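Place chains B and C on chain A using the hints.
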Amino acid sequence: MSALLTIRGLATHFPTQLGLVKAVDGVDLDVMPGECLGVVGESGSGKSVTFLSVLGLVRAPGRVVAGSIRFDGQELAGPDPRAARALRGRAIAVTLQDAGTALNPSMTVGNQILESLGAHDPGPSAADRRRRALDMLRLVGIPEPETRFEDFPHQFSGGMRQRVMLAIALACRPRLLIADEPTSALDVTIQAQVLDLLAELRARLGMTVVLITHDLGVVAEHCDRVAVMYAGQVVECGPTRQVIDLPSHPYTRGLLDSTPDLSRLDRKLRPIEGQVPELIALGAHCRFRDRCGLAEPRCDSAVAMRAVDEGHSARCVRAGEDQRSVRAGETP
Amino acid sequence: MTVRALDNAGAESILAINLRRFGRDRFAAMAGAIAIGFVVMAAFAPWLAPHDPSDSDLLRRLQPPAWIEGGDWAFPLGCDSLGRDLLSRIVHGARVSLMVGVAVVLLAAAVGTAAGLAAGFLRGAVDAVISRVVDVLLGFPYLIFAIGLMGMMGPGIENIVLALVYKEWTIACRVIRGETLAARELDYVEAARAAGASPAHIMFREILPNILSPLLVVATTRMATIIILEASLSFLGLGVQPPMASWGSMVADGRSYMLEAWWISAFPGIAIFLLVLSINLASQGLRDAFDPRYRP
Amino acid sequence: MTSGASDGPLVEVQGLGKSFAARSGLLARLLRRGGTIRALDGVNLSIRRGETLGLIGESGCGKSTLARVLLRLQEPSAGTIRFDGEDITAADRNRLRQLRRRMQIVFQDPYAALNPRQTVEQIVGLPLRIAQRLGREAARPHVAAMIERVGLKRTHLNRFPHQFSGGQRQRIGIARALVARPDFVICDEAVSALDVSIQAQILGLLQELRRDLGLTYLFISHNLAVVGHVSDRIAVMYLGEVVELAPARAVLAAPRHPYTQSLLAAVPRLAARDAAIRPKLAGEPPSPIAPPPGCRFHPRCAKAVDSCRTTRPTLRDISLDHAVACHLADNP
Chain A
1 MSALLTIRGL ATHFPTQLGL VKAVDGVDLD VMPGECLGVV GESGSGKSVT FLSVLGLVRA
61 PGRVVAGSIR FDGQELAGPD PRAARALRGR AIAVTLQDAG TALNPSMTVG NQILESLGAH
121 DPGPSAADRR RRALDMLRLV GIPEPETRFE DFPHQFSGGM RQRVMLAIAL ACRPRLLIAD
181 EPTSALDVTI QAQVLDLLAE LRARLGMTVV LITHDLGVVA EHCDRVAVMY AGQVVECGPT
241 RQVIDLPSHP YTRGLLDSTP DLSRLDRKLR PIEGQVPELI ALGAHCRFRD RCGLAEPRCD
301 SAVAMRAVDE GHSARCVRAG EDQRSVRAGE TP
Chain B
1001 MTVRALDNAG AESILAINLR RFGRDRFAAM AGAIAIGFVV MAAFAPWLAP HDPSDSDLLR
1061 RLQPPAWIEG GDWAFPLGCD SLGRDLLSRI VHGARVSLMV GVAVVLLAAA VGTAAGLAAG
1121 FLRGAVDAVI SRVVDVLLGF PYLIFAIGLM GMMGPGIENI VLALVYKEWT IACRVIRGET
1181 LAARELDYVE AARAAGASPA HIMFREILPN ILSPLLVVAT TRMATIIILE ASLSFLGLGV
1241 QPPMASWGSM VADGRSYMLE AWWISAFPGI AIFLLVLSIN LASQGLRDAF DPRYRP
Chain C
2001 MTSGASDGPL VEVQGLGKSF AARSGLLARL LRRGGTIRAL DGVNLSIRRG ETLGLIGESG
2061 CGKSTLARVL LRLQEPSAGT IRFDGEDITA ADRNRLRQLR RRMQIVFQDP YAALNPRQTV
2121 EQIVGLPLRI AQRLGREAAR PHVAAMIERV GLKRTHLNRF PHQFSGGQRQ RIGIARALVA
2181 RPDFVICDEA VSALDVSIQA QILGLLQELR RDLGLTYLFI SHNLAVVGHV SDRIAVMYLG
2241 EVVELAPARA VLAAPRHPYT QSLLAAVPRL AARDAAIRPK LAGEPPSPIA PPPGCRFHPR
2301 CAKAVDSCRT TRPTLRDISL DHAVACHLAD NP
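Chains as they are written, first to last, in the numbering used here: chain A, 1 to 332; chain B, 1001 to 1296; chain C, 2001 to 2332.
Any given hint might turn out to be false.
Claimed, not checked - Rough simulated footprint, nothing fancy, chain C against chain A, three-plus residues with beta-carbon under 8 Å:
(1) 33-40
(2) 185-194
(3) 250-258
(4) 266-274
As the list claims (entries may be wrong) - Beyond 12 Å from chain B on every Cβ pair, some chain C residues (computed):
(5) A2112
(6) H2222
(7) A2250
Please keep in mind that the hints were generated in silico from the structure rather than gathered at the bench. These numbers were taken from a predicted model, which means no experiment stands behind them. Note that the Cβ used here is the ideal one computed from N, Cα and C, for glycine as well.
Next up, chain A with everything else stripped away, as it sits in the complex (with noise of 0.2 Å):
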């Protein structure tokens, strides 16, 4: 089965005062058709600006230096921007983390709604276009669609106002939807409902969904696949389970120890110690290099994703030789 969305040596970069802020620094992903791909991170791993890169939405003075983004075939990261742009909001739709701010305050939910479906199919007439906005509300569970239609985003809770959002997305019926921090800032239980409508949507339209969180469990709960990313870069790439099982990365692992865990509560924290590097000046060293208790000679130059099993990979010298040590953990 060929990939849906191929990501090949994506490098986007910020100039700033300080210096170049490599964000996304040489990023290789593959979307399958039809799966839930996790992409987990701390503050400042680049999953965000990674999937803003595909989107073509990355601000200035931000840019894509280099890389290839190919959707079904077609290159995205061309010089073209309409390339890009055609697609967005039509075959690739994106929901963001603050509903609260992603939503036009003056306008009703209903006209947002309206408007995506206007904007990329102009074709039904107005009645038509009304019952599929309605359509879209009822789908996301919004109840009576009808009265709410009218409203302003202003008048939705947290949970609903990020089921708007969804409908905004999925009016268009896009082949792909990347759901950025979807519910990182909704309470647990309303969060619970949000990712299960995910699910069920994904099920009933046959749609591949991007979930970028900073939350493990969420990635363990709703994904096939997940994506660990750090300091710019894919550190590992497997099966959600085996990932979380048997991770072959010490940032997976020290993730895994430092994530309080309701299944697994007499296991005591441990902190992956120091900081995420400058994303400034890195040197071609493996960037996990100082905060790894494994660390060796070996990772003074720069690292490669390694193969550990079947479509699990790791950017560690260790991966699929030393499996035990990673593993353990253990600081030498």
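Leaving out everything else, chains B and C in the frame of chain A:
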């Protein structure tokens, strides 16, 4: 996306960072330099002006600028209807404009800060009284209000300052009140309360230093407006009295000679324009550098 | 563990209530939209010496209001607060200033919690200067010792908050809370704004300090997994009241209130579990302006019976050290 300050950055206060950021904005820094040039000119007027500004000589009456037929490089910008050197009068006139501008802005900022801080921090009855007074004062048209007061108090530079401060403090008051209301809800203010800090400590040590940046920005913008108002009052004959020179009264003096001696009105007018423009541009740069909400 | 004279609980609140005017604007009054928000409505709670009491609940349940009322940063509208046996509900300004040396708070947002215009030394030294009336010079050794105790360096004392990362700022906030050697510390979402690897560092630090300094914590968080990792006992709040209070193990392993049960079920876990067995909590919390009659949870509760709609349950012991506010708690 945020970039942490590099660890080797020494202890640098926000003021230092803001000033450095202002300095990097070339355009604004240049405007600031021009405005400072006017201040220097006003401060050293007696040494910079080639002649005594009130030294009249009817032989030089309406003498044109040096580069026009009949001009004389000893009086580069020409002379007015009493034969006084225009350049010297403009250099001295800068004193009036800037003195009034600075005095009004400083007094208004002091009164407005005290009132705004009290209203925003104490709330309740204090806030209600202060806010109503501000609302009423803001209801009067500025110039007419000042003209009325000047009519009652009589002309003179102190009275101009007073007449303008009567209304001007309300602007600083509103800014400070709003900023105080926002700041008092912040966690670090709550932390000071949790530590048992007194209301005075919270007002002056925790809140005030953090709301001075917007005040600085507003004050510079207002300075330009005040200079125009002073010029207007002097133009109407309510400002400084002859033989003292003010740019506004100089423009007024030249009114009757617009056709034969345009320079009498034009040069003080250009001076007003340049000073106000440079202050406005500099204040915009200050706003970008000091007030993060306006930062792109 | 602490210097208290009695053996009773360190903090005890009874029937604590806090109401706010919902909207006091002129327009709202004209439209008669005004109302009272009951942020706290009859809260009963005791915090034992040396324990960490976890307080969890979703946004708007009143947990942060409880923190502020306990510290008398906001005045309670009803009920009593006892600290170390003394009724402090009506303590005057002088007494409060003495008490505030003994009770402190760590805030959520590491960016808003520190005055940007003050140096670390000024920020951390404030409680000493106020509570013990120490001068700058006299306070310095204590401040420096505390800064090193939380994992920062003496050389950081002259720096300003913007020169630190989020995790380092949170350490500064902790140093400020602990410098005057309090007995009781409220951690109000103290790690919620941090990335997980940093969050684990701060949680470890807080636990270490509690052990070494003999502190009592009220640990407030919306994150059940975090609370589960640090708490001895857990209190669950819903719409301004405590609905369950028990040892952490009991709450997490055998919750008795239906709300606690659905909250636990909604938290994503790393371990594989069957999505189908998760009971789903429908709907959203009702408005605290017009709470439902009877049990506040009954409109969302699958087990609700007639008495739940009319009679409000009180928090009562159903077994040793396990209190629940539910009519049906005896027959699970």
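Do the hints match the structure? See the list:
1. Remark: the segment 33-40 of chain A is not confirmed as covered by chain C, as 0 of its residues place a Cβ nearer than 8 Å to a Cβ of that chain, below the required three.
2. Taking a C-beta to C-beta cut-off of 8 Å, the segment 185-194 of chain A contributes 7 residues in contact with chain C, enough for the three needed, and the coverage statement holds.
3. For the segment 250-258 of chain A, the assignment as covered by chain C holds, since 5 residues bring a beta-carbon within under 8 Å of that chain's beta-carbons and 3 suffice.
4. Check on the segment 266-274 of chain A: 5 of its residues sit with their Cβ under 8 Å from a Cβ of chain C, so the three-residue criterion for coverage holds.
5. Not every beta carbon of chain B lies more than 12 Å from that of A2112/C, the smallest distance being close to 4 Å; the non-interface claim is violated.
6. Remark: the non-interface label on H2222/C is consistent with the geometry, its nearest Cβ contact in chain B lying 17 Å away (cut-off 12 Å).
7. Once the 12 Å rule is applied to beta carbons, A2250/C is consistent with being away from chain B; the minimum gap is 32 Å.
Hints 1 and 5 from the list above are not met by this structure, while the remaining hints are.
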